[in-house]
Each structure stands twice: as C-alpha cells, then as structure tokens.
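**Student:** Those protein sequences? They're chains E and A, same order as listed. Everything in the first sequence is counted per this note's numbering, starting at 17 for the first residue and increasing by one. Everything in the second sequence is counted per this note's numbering, starting at 8 for the first residue and increasing by one.
Be a bit skeptical, because a hint or two may be false.
[Said to hold, decoys possible] Straight-line Cα separation of at most 27 angstroms, DSSO-like style, residue types lysine-lysine; simulated pairs:
1. E:316 with A:23
2. E:124 with E:207
3. E:55 with E:159
4. E:31 with A:26
5. E:207 with A:23
These aren't lab readings, by the way, just hints derived from the structure by calculation.
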Amino acid sequence: MRCRRCGEKAEIYLKRHNTAFCSSCFQVYYSEQVKRNIKREKMFKPNDRILVVVSGGKDSMALWHILLKLGYNVTGMYINLGICGYSDRSQEVVERFSQANNAPVIIKNIEKEYGFSIPALAREIRRSTCSLCGTIKRYLFNKVALDGGFNAVATGHNLDDEAATLLGNVLSWQEGYLARQSPVLPSTHPKLVKKVKPLYTLTERENLAYVLFNGIEFIHEECPHALGASSILYKEILNKLEDESPGTKQRFLTNFYKKGKKFFEKYSEPVKLNECKICGQVTTAEICSFCRLRQMAEKKKVDSMPQEGEDF
Amino acid sequence: MRVIFKMPFRREIEVKGVKTVKQLAEELNFSLESNLVLRDGKMLTPDEKLNEEDVVEVLSAISGG
Numbered sequence: 017m018r019c020r021r022c023g024e025k026a027e028i029y030l031k032r033h034n035t036a037f038c039s040s041c042f043q044v045y046y047s048e049q050v051k052r053n054i055k056r057e058k059m060f061k062p063n064d065r066i067l068v069v070v071s072g073g074k075d076s077m078a079l080w081h082i083l084l085k086l087g088y089n090v091t092g093m094y095i096n097l098g099i100c101g102y103s104d105r106s107q108e109v110v111e112r113f114s115q116a117n118n119a120p121v122i123i124k125n126i127e128k129e130y131g132f133s134i135p136a137l138a139r140e141i142r143r144s145t146c147s148l149c150g151t152i153k154r155y156l157f158n159k160v161a162l163d164g165g166f167n168a169v170a171t172g173h174n175l176d177d178e179a180a181t182l183l184g185n186v187l188s189w190q191e192g193y194l195a196r197q198s199p200v201l202p203s204t205h206p207k208l209v210k211k212v213k214p215l216y217t218l219t220e221r222e223n224l225a226y227v228l229f230n231g232i233e234f235i236h237e238e239c240p241h242a243l244g245a246s247s248i249l250y251k252e253i254l255n256k257l258e259d260e261s262p263g264t265k266q267r268f269l270t271n272f273y274k275k276g277k278k279f280f281e282k283y284s285e286p287v288k289l290n291e292c293k294i295c296g297q298v299t300t301a302e303i304c305s306f307c308r309l310r311q312m313a314e315k316k317k318v319d320s321m322p323q324e325g326e327d328f
Numbered sequence: 008m009r010v011i012f013k014m015p016f017r018r019e020i021e022v023k024g025v026k027t028v029k030q031l032a033e034e035l036n037f038s039l040e041s042n043l044v045l046r047d048g049k050m051l052t053p054d055e056k057l058n059e060e061d062v063v064e065v066l067s068a069i070s071g072g
C-alpha cells in the first residue's frame with residue numbers, strides 16, 4: 017500500500033477512512049484530528065493552561081506529547097494509586113518522559129499524602145477497586161487543576177473508550193449517563209474545572225501507532241484490576257463490527273452526539289451543588305465522596321489499633 | 008514464521024507458509040482493528056507479505072479503564 021498523501025510506502029492502514037499513511041503523513045493526520053477536535057468542541061484556547069492527566073499508558077502519553085508538540089501550555093499530572101508494582105512502573109515512565117521532554121509534571125501519591133492504599137481500602141469497605149480509583153482520580157484532577165489555576169483538565173479518552181461507554185449505557189438505557197456523555201464537560205460551578213477529551217475521534221490503535229512512531233515510552237501492561245472489565249468486552253465487540261463494516265464505531269459515537277443525545281437531555285436534571293464541609297470541593301452531599309473515603313480509612317485504622325488494656 | 012503476541016499475556020506460535028498480514032489475522036482469528044502487526048519494529052499494512060523466516064509481533068491496542 018502507498019501513502020495517500022505522499023505516495024511513499026505506507027505503514028498504517030486506516031480502514032474506516034480507506035486510507036493508508038506513511039509514518040510522517042500519519043502524524044499530520046493525527047495532529048489535524050486533535051487540532052480540529054479542540055477547535056470544533058471549543059475545548060481550550062491557545063494560551064489556556066491545561067492539566068493533562070497521565071497514567072503512563074499509550075493514550076495519555078500520546079495526548080501529552082501531541083499537546084506539547086502543538087505548543088500548548090501543558091502540565092502533566094500523575095496519580096500513584098498504590099497498585100502493587102504497576103503504579104511504580106507507570107510513575108517511572110511518566111517521570112522519564114517529563115525529564116526527556118522538559119515537561120512539567122505534578123506527581124500525587126495517595127498512600128504517602130493521604131495514608132491509605134486503594135486496593136486495601138477497597139477490600140476493607142467492600143467496594144470495587146475501580147470505583148474507588150475513579151472517585152479518587154476525579155477528585156484529585158479537579159482539586160489539582162483548581163488549586164493550580166488551570167483552565168481545563170484533559171484526559172486521553174479515545175474513540176474506543178467513548179464508543180464502549182456509549183454501548184454500555186445504551187445496553188442498560190442509562191438515561192442520565194447518556195444525557196451527560198460528551199467530549200467536553202463544561203464547568204457547572206466556579207470550583208469545577210472543565211474536562212476535555214481531545215482524542216475522542218482517534219482509535220486506541222491510532223494512539224498506539226502514534227506512540228510507536230514517535231518512540232514514546234509507555235506502559236503496555238494492563239492495570240491488574242482492569243482484566244476482564246466489561247469495557248474490554250464492549251471494545252472487542254465494536255471492533256468485530258468495525259472489521260465487517262468500517263466506520264461503524266465512529267458513526268455510532270458521532271451520530272449519537274449529532275442525532276441521539278438530544279432525546280436524553282430531559283434526564284439531565286440540574287443537581288444542587290454544595291461545597292464539602294471538610295475540604296471545600298464541590299459535592300452533591302454535605303461531605304464529598306473523597307472525604308467520606310478518608311473518614312472510612314481513618315476509622316478502619318482506629319478500629320484495627322490495639323485498645324488500652326486489650327490482651328494479645 | 009514466529010508470531011509473538013505481547014498482550015495481555017505473552018504467547019508465541021509458529022505459523023507455516025507465506026501469507027499476507029490480512030491472511031495471518033484471519034488464520035489466527037485476531038482483529039486488525041484491535042491490534043497492530045510489526046516486523047523488525049516496523050508497522051505493516053494488511054497487504055504486506057510475510058515470509059517463513061519472519062518474526063512478527065502482534066501488539067494489542069485494547070485497554071481497560
């Protein structure tokens with residue numbers, strides 16, 4: 017196959033665009049997609065300060081790299097979640113990228129800063145590690161962005177992530193989630209920072225190709241807790257459809273935004289937002305879910321401490 | 008040829024004959040939408056011919072989360 021732009025030998029074929037590219041023309045395509053998404057969805061302006069949350073995986077590393085390359089004012093943020101081995105290895109990947117590219121990064125360590133480990137707490141309070149991890153990440157993205165005066169938080173969510181989320185929400189007709197799914201989550205409170213997904217039209221495969229073409233180091237291993245996740249099954253099913261009928265995945269997502277989403281808007285009820293009594297972050301309750309988790313972790317610690325006069 | 012699958016678990020298999028990347032994917036039942044196929048660190052398009060002595064890597068692009 018030949019590259020559609022320059023006629024040189026192609027290295028990647030994009031079936032849904034019926035197009036093949038060489039390495040350098042693929043990068044033109046990739047950066048045009050990202051630029052177009054940022055502009056079309058009004059994600060951020062050229063001088064905005066962007067906090068890119070990175071996990072060390074291919075998608076967030078690709079996003080960090082492309083936003084730096086496009087000249088945006090970008091700071092990386094990595095959260096060490098204390099997931100044995102995996103977290104430390106991914107932190108090293110992030111730190112090496114930061115040093116090599118002279119790119120600022122903020123590192124947060126849950127265990128060191130807040131005194132609890134996610135897998136241990138999840139076991140103790142009988143919640144899934146992934147739901148705990150989600151709560152903590154969402155809290156810290158916003159807190160760090162707000163405290164640091166950032167205009168937007170950018171995540172590496174890709175076309176496969178968004179299409180799989182949509183499929184999951186459609187399969188169980190989650191009207192509220194369908195009403196809210198979007199490449200841009202605007203700020204609905206002065207203390208909530210806008211969240212954006214500049215890679216939402218690029219597939220995981222394209223992000224993998226981008227990091228390989230650019231020699232960007234990334235952690236290929238999967239988070240041990242994600243193995244067997246339903247999102248992976250949905251992605252495989254969507255890719256089976258895609259193999260048979262190229263373009264299905266992107267049509268499913270973009271036509272939902274264009275044609276389907278409006279039917280669910282009435283289910284997006286405005287919720288009353290408060291400031292957490294403990295930390296001041298935005299919550300729908302009196303105490304935010306992060307502070308409630310911290311309280312539970314503290315209580316577990318106290319409960320497991322030897323009491324005075326207790327025999328052993 | 009030697010075909011090495013990298014994720015989620017490393018697996019190696021030996022495949023006989025000359026074939027294209029597309030034929031290999033069909034024979035081994037993996038999706039070219041979920042994976043990238045590489046030889047000597049270079050990505051390959053589906054029409055690329057693979058020879059008996061080639062070492063081919065199949066990288067999964069799918070991740071959870």
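**Student:** Compare the structure with each hint and give your call.
**Tutor:** Comparing the hints with the structure gives:
About 59 angstroms separates the Cα atoms of residue 316 of chain E and residue 23 of chain A, which puts this hinted pair outside 27 angstroms; it is violated. Between residue 124 of chain E and residue 207 of chain E the CA atoms are separated by roughly 20 angstroms; this keeps the pair inside 27 angstroms, and the hint holds. Taking the CA atoms of residue 55 of chain E and residue 159 of chain E, the gap is about 26 angstroms. The hint holds against a cut of 27 angstroms. Of the pairs offered as hints, the one joining residue 31 of chain E and residue 26 of chain A holds, with about 20 angstroms between alpha carbons and a cut-off of 27 angstroms not exceeded.
Distance check on the hinted pair: residue 207 of chain E and residue 23 of chain A sit about 61 angstroms apart at the alpha-carbon level, beyond 27 angstroms; violated.
Hints 1, 5 from the list above are not met by this structure, while the remaining hints are.
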